[in-house]
Amino acid sequence: MTRRPRARANQDSAEGVRRGGRWRFAVTALLLGGLVVLVDQWTKSWAESTLIEGERTPLVGSLFGLQLAYNPGAAFSFGEGFTWVFALVSVAAVVVATVFAFRVRQLGWTLVVGALGGAAASHASDRLFREPGFGRGHVVDFLAYGNLFIGNFADFVIVTGAVAGALLMWREERAREQASTTTILRRRIAENLPPEDDTR
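With positions in the sequence shown counted from 1, the corresponding number in the working numbering is that position plus 899.
Derived from the structure by calculation, the hints contain no laboratory data. Here a beta-carbon is modelled for each residue, glycine too, at the ideal position from N, C-alpha and C. Each hint should be verified, as a subset may be incorrect.
What the hints assert, rightly or not - What follows is a list of derived Cβ distance ranges for each label pair:
no., residue 1, residue 2, range
1, V938, F1001, 19 to 27 angstroms
2, V959, G933, 29 to 37 angstroms
3, R955, E1030, 21 to 29 angstroms
Please model the entire structure based on the sequences and the hints provided.
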């Protein structure tokens, strides 16, 4: 008579631990996202108050410098006539990142989701609330990479987060392959079968 209540209590305790971990990951992602927004918006405000549009300040010769620019499009000023589309995409990215923030169970993915969500939120803020109007705002760029393009802190976070996400997916795929190989090998050993010859 006492085993069933204990089992139920253990199950409830485990569920509580899982929920607590879920909230910790979500809060971490949201806090990181908020930090990215604050840093990105602060650096943009600094650039607008310090730099002159169109004038470049070299920092590493011609490779990297500071130059204020206003971008109505995406990367490399692509799609300048579709600012409202990029505004919708940014808002959608924030929603997706928020949903994933409550689903991730690993610290690595928590950091990636939080960083990408924060960058998307900051870009969405530019698109929605900056001049020349709601949904048509221009993104403030000031980090000039040679003659390639001019970006901002949020762009740097997006690129870094995308690379980190790709590495995490690669590691997970490697782990799945190794686990599958180990399972097959253990099964063959249990069945007294010789290991498969990989040289054939």
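The hints, checked one at a time:
1. Distance hint for V938 and F1001: a CB-CB separation of about 24 angstroms, consistent with the stated range 19 to 27 angstroms.
2. Checked against the hint of 29 to 37 angstroms, the C-beta distance between V959 and G933 comes to roughly 31 angstroms, which is consistent with it.
3. The hinted range of 21 to 29 angstroms is satisfied by R955 and E1030, whose Cβ atoms lie roughly 22 angstroms apart.
Of the numbered hints listed earlier, not one is contradicted by the structure.
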